[in-house]
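Asker: Here are the chains, one letter per residue:
2 protein chains.
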Amino acid sequence: MDLAKASPAEVRSLIRAGELDKPTSGMCAPYAQANMAVLPKELAFDFLLFTQRNKVPCPVLDVTEAGSPVPKLVAPKADLRHDIPRYRIYRHGELTDEVTDAAPFWRDDLVAFLLGCSFSFEGPMIEAGLEIRHITDNHNVPMYKTNIECVPAGVFHGPMVVSMRPMKPADAIRAVQITTRMPFVHGAPIHIGDPEAIGISDIDKPDFGERSDIKPGEVPVFWACGVTPQAVAMAVKPEFMITHAPGYMFITDVLNSQLSIM
Amino acid sequence: MDLAKASPAEVRSLIRAGELDKPTSGMCAPYAQANMAVLPKELAFDFLLFTQRNKVPCPVLDVTEAGSPVPKLVAPKADLRHDIPRYRIYRHGELTDEVTDAAPFWRDDLVAFLLGCSFSFEGPMIEAGLEIRHITDNHNVPMYKTNIECVPAGVFHGPMVVSMRPMKPADAIRAVQITTRMPFVHGAPIHIGDPEAIGISDIDKPDFGERSDIKPGEVPVFWACGVTPQAVAMAVKPEFMITHAPGYMFITDVLNSQLSIM
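One line per chain: the protein sequences are A and B, in this order.
For the record, in the first sequence the residue sitting at position 103 is 103 according to full-length UniProt numbering, with numbers rising by one throughout.
For the record, in the second sequence the residue sitting at position 7 is 7 according to full-length UniProt numbering, with numbers rising by one throughout.
Rather than coming from a laboratory, the hints here were simulated on the basis of the structure.
Mixed in with the good hints there might be a few duds.
As the list makes no split between identical chains, a pair holds if one copy fits it or if it spans any two.
To be verified - DSSO-like cross-link-like pairs, simulated, lysine-lysine; straight-line CA separation at most 27 angstroms: (1) K72 to K145; (2) K215 to K145; (3) K72 to K55; (4) K237 to K55; (5) K77 to K5; (6) K41 to K72; (7) K41 to K55; (8) K22 to K205; (9) K215 to K55; (10) K145 to K77; (11) K41 to K237; (12) K205 to K5; (13) K215 to K22; (14) K237 to K5; (15) K72 to K22.
This one's a predicted model, so the numbers in the text were calculated from it and none came from an experiment.
One chain only, chain A, in its complex shape (with noise of 0.2 angstroms):
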């Protein structure tokens, strides 16, 4: 099967069955692919805060009912216990098991929030002849922890977290066009050039994530990304948490061109 043109549906079941472990870049390339993260309901209500917030690293794609496995709005058949590749369980800030199904960790006080994921504003730069570094040299996206801080909600705080790609001038302007459509995937750049001003002391040392080369004439472009949450969840430290593994994403049924405004 190409995974590439599979159908969200199609490759949900499989990894259902257990039968596909992998990261899920480039898999059923139209469609958005969302983090996940799974709390407390006694902590839903300032975590959905938190991300009304911080709208820009935070864009929430669906909240499931609590007890509720179904992501309702962007993939009604689906189930978030099982249609993961790979999920982390974390107990008081601590990560304590990676599996490949959460559902012996599902409760029924928990509530998931799916948020969306820079692959869906990648495939419109590539369609507009736009290089991403990390693509073309096959290795995961740089994120960094700026200085930047989030606004904070309730108990949850912490730095934003940007992704970056490496870019002639005149492409981030053009990059900068095409995000501005995507206001509700993380949008506009937040940052171009000087990497300090930003609090990022060496572009060569990604928080997370592997270093892209950075050609002579180009500058590093920032957006606002969706490890913020995760790092601000960590931060606080919940009794109880269930993300997917960094690379191993939810693929909804919502096409990318949906998020799109124009």
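Dock chain B against chain A, hints included.
Answerer: Showing chain B alone in chain A's frame:
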């Protein structure tokens, strides 16, 4: 004082002193005004989730901490108990009081939601040379309940309310472009043309506000409306709710231009 040119702080101070009790349309022209819905904390998660699932009619600008009357993000020196000219108090879905100060009714368990208002996109349309009929004719905008169901969340459910502005087709196209730039304040229209297609049987009898003349060659253009959350909340008959009185809005410190992505 020229209220159109006054600062939000100046106008809120007049309101707080009891010296200004009229609709806020046109006041502090460059600044965004907001609808308000105040609900007990026990309903806050469901209502926040409802706004999240219905971002087009319910664009959240700020949510207060439980018990706090201070909208820290959009007007950190304001007090929502005093700074709106006129409030409505509802008990179990019944309007029981209309008052100019909400302090006697405020409770420690209340959470205030401020929601974007179409005033924010009327300015840019007028600047672009479009006629806004209800402004030309100096009456309230016509608003209608539709047959478009909002996505339910917890206890909240109900129909989308829309506002209508008649326009020549070329102006309607321009209006789509202009309001697309404001995805966090209702964004693009949700319908153009036949009112019956969205469940409006008589365009001359709006459910809220006043009728607008539709001239030969014009089409009705419909935007999702910030009255939706009030209509929905009333359908649900919460034990207690405070809202602004229609037309008597909260004036924020946020520029309308800050709510535009281009």
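Asker: Next, verify each hint and record whether it holds.
Answerer: Consistency of the hints with the structure:
1. K72 to K145: between (32 angstroms within a copy, 25 angstroms between copies)
2. K215 to K145: For K215 and K145, only the intra-copy Cα distance (22 angstroms) is at most 27 angstroms; the inter-copy one is 56 angstroms.
3. K72 to K55: For K72 and K55, both the intra-copy (21 angstroms) and inter-copy (16 angstroms) Cα distances are at most 27 angstroms.
4. K237 to K55: Only inside one copy: K237 and K55 sit 22 angstroms apart there, 30 angstroms across copies, limit 27 angstroms.
5. K77 to K5: within (19 angstroms within a copy, 53 angstroms between copies)
6. K41 to K72: This pair counts as both: shortest intra-copy Cα distance 18 angstroms, inter-copy 25 angstroms.
7. K41 to K55: both (20 angstroms within a copy, 22 angstroms between copies)
8. K22 to K205: within (25 angstroms within a copy, 58 angstroms between copies)
9. K215 to K55: Neither, since 32 angstroms and 40 angstroms both go past 27 angstroms.
10. K145 to K77: Neither: 35 angstroms inside a copy, 31 angstroms across copies.
11. K41 to K237: both (15 angstroms within a copy, 24 angstroms between copies)
12. K205 to K5: The answer is neither: 34 angstroms in one copy and 50 angstroms across copies each exceed 27 angstroms.
13. K215 to K22: neither (30 angstroms within a copy, 60 angstroms between copies)
14. K237 to K5: neither (39 angstroms within a copy, 48 angstroms between copies)
15. K72 to K22: Intra 25 angstroms, inter 43 angstroms, cutoff 27 angstroms: intra-copy only.
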